[in-house]
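> Single-letter residue listing:
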Amino acid sequence: MSRDDFMKHLKNITKTLPLLLLPLASSVYATDITATLSFSTLPVITVAEETPMDFGEVLSLSQADTCAMDVLAGPNIALADEGFAVTAGSAGGGTLSSDCSGSGQPGVYTITSFSGADITVNLTLGTPTDISFVPVGNLIDVGGDARVPVAVGTGSDATASTAINAYTLAGTNRIIVAGTITNQAPLTSGGIYNADFNIEVVYQ
Amino acid sequence: MQPTQRFNKTLLASALILSAGNAFNASAENFTITATGIPDVVAAPVAGFTTLAFGANIIGSKIGSSCTIVGSTDIPEASLLVDLAPTGTDNAGTTFGDISGAACLASTTDGAAMIIEIDGVAGSTVSVEVLDVVGTGYTYTPSAESCVVDYDNATTVDTCVSLAGNLVTGVGMSLVQSANVTETPTGATDYALATGKTRMILAGTVTIDAPGIAQGVTVADPILVTITYE
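Protein chains in written order, with the numbering used here: chain A, 251 to 454; chain B, 3 to 232.
Simulated from the structure, these hints should not be mistaken for lab results. Don't take every hint at face value.
To be verified - Under the rule of at most 20 Å between Cα atoms (straight-line distance), these lysine to aspartate or glutamate pairs were calculated in the DMTMM-like manner:
| id | chain 1 | residue 1 | chain 2 | residue 2 |
| --- | --- | --- | --- | --- |
| 1 | B | LYS199 | A | GLU450 |
| 2 | B | LYS199 | A | ASP407 |
| 3 | B | LYS64 | A | ASP282 |
Unchecked claim - Listing some non-contacts, in silico: residues in chain A with all C-beta distances to chain B over 10 Å:
| id | residue |
| --- | --- |
| 4 | LEU311 |
| 5 | GLN313 |
| 6 | THR345 |
| 7 | ALA367 |
| 8 | SER406 |
| 9 | ALA416 |
| 10 | ASP446 |
Stated by the list, open to error - Here are some of the chain B residues that sit facing chain A, going by a computed Cβ distance under 10 Å:
| id | residue |
| --- | --- |
| 11 | PHE33 |
| 12 | ILE35 |
| 13 | ALA212 |
It should be emphasised that the depicted structure is a prediction, and the values quoted were computed from it without experimental measurement. We treat Cβ as the ideally placed atom computed from N, Cα and C, and that holds for glycine.
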C-alpha cells in the first residue's frame with residue numbers, strides 16, 4: 251500500500267470512528283431498572299371429610315327400593331357441623347324416608363380454599379354397584395350467610411369465611427351431604443353396601 | 003574614536019531588542035480545561051414502594067380475565083411528590099396498590115404498586131419505556147395505572163402521563179419544584195422534589211392466558227423499565 255493509499259484509509263477510519271462510537275456513547279444516557287412482578291395463584295382447594303355419611307342398618311332388600319336421607323330435616327346435624335351460624339333457620343338433617351325410616355348421619359365435609367374466596371361446588375355421581383347413590387347437599391355460604399342447596403349437575407356458589415370462628419378456620423366452607431340410595435339388585439340381609447360420590451370445587 | 007562609540011550604541015540597541023524578543027517568546031504557558039459528560043440518569047425504587055405484587059389472590063383458571071393494581075387512579079401525592087390538583091385538597095391515595103378484577107379476589111388490599119425515582123439533569127427530558135411481560139399463562143401490561151410524572155416546570159398542574167402505550171417521551175425533569183405549583187387551599191401541601199428528578203408509578207394489569215395457571219403457583223418475573231435522555 252502506498253503512503254497516499256494509507257492516508258486515504260486513515261481518513262476514512264477517522265471519519266467512521268465517531269459513527270462507531272456513537273451507539274456506545276448514547277448508552278451512557280440511558281439506564282435500566284428491573285422490577286419484579288410477583289403474584290401467587292389461589293391455593294389448591296382441599297375437601298376433607300369431617301363426618302362420614304352413614305344411613306345405618308335400614309336398607310330394604312328388594313331391587314329398586316330406595317332410601318332417602320334429608321339434608322336439612324332431622325336431628326343429626328348441629329351448628330358445629332355447619333361451621334357457621336346461619337342466621338336463617340337452624341341446623342339439622344338425617345331424617346330417612348321412602349323405603350326406610352328413622353334417621354341417619356349426613357356427611358360433613360370441610361372445603362378449604364382461601365379467605366373470602368368465591369367458590370362453586372358441584373356434586374357428581376360415583377360408580378354404582380349393588381346400590382347407587384344420588385347426593386344432595388347444603389353448602390354453607392359464609393359470605394352470604396345462607397345454606398345453598400347443591401344437587402347433581404347444579405353448581406352452587408358460596409364465599410369462604412374470612413375469619414376464624416368457634417368451629418372453623420378462615421377460608422373454609424362446610425357442605426352437608428345426604429341423598430338417595432337405590433337398590434340396583436336384591437340386597438342381602440346384614441350385608442354392608444358402599445357407594446361413592448364426588449364433591450367438586452372450583453374458584454369462581 | 004568616534005566610530006567605536008557608534009558601534010557600542012548599535013550593539014546596545016540590538017541587545018535591548020533581542021531581550022524584548024526573548025521575553026515574548028517565553029510567555030507561552032499550558033492551561034488545562036475540565037469538562038464532564040452529562041451525568042448518567044439513574045433510577046431506584048422509593049422506600050415503602052419497592053415491590054410490585056398482586057399478592058396470593060390470582061385466580062389462575064380465569065382465562066381471558068384480568069387483575070389490575072390501582073396506581074394512577076388514586077395517586078398518593080405525598081409519595082409521588084407531585085401536585086396534581088393544586089387548587090384542591092391533597093390526594094391521599096388510600097386505595098393505591100389495591101387490586102381488582104375478575105382474575106383476582108375482590109375486595110383484597112394486599113397488592114402493592116411501585117414508585118420509582120428517576121434522577122437526571124434538571125430541565126432535561128427523558129423517555130420511559132416499560133415492556134410487557136409474557137409469562138407462563140399470563141401477560142403483564144403496565145396499563146394506564148402506570149404513569150410518569152411530567153414536571154412542566156411552570157405554574158400549571160403537573161401530570162402523570164400514562165404508560166398504557168408502554169413508552170412515554172418528553173418527560174420533564176424538575177427544576178425548582180418549590181417554585182412550580184402553589185397550593186391554594188390552606189392545609190394543602192406544595193410538594194417539593196429535588197431538582198433534576200421525577201417519579202413514576204409502576205402498577206399494571208395481569209391477564210390470564212390459556213391454558214391458565216394452576217392453583218398454588220407462585221410467579222416472579224422481571225419487568226424492564228428503561229429511562230433514556232432525549
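> Find the hints from earlier in the document that the structure breaks and name them by number, from lowest to highest.
1, 2, 3, 7, 11, 12, 13
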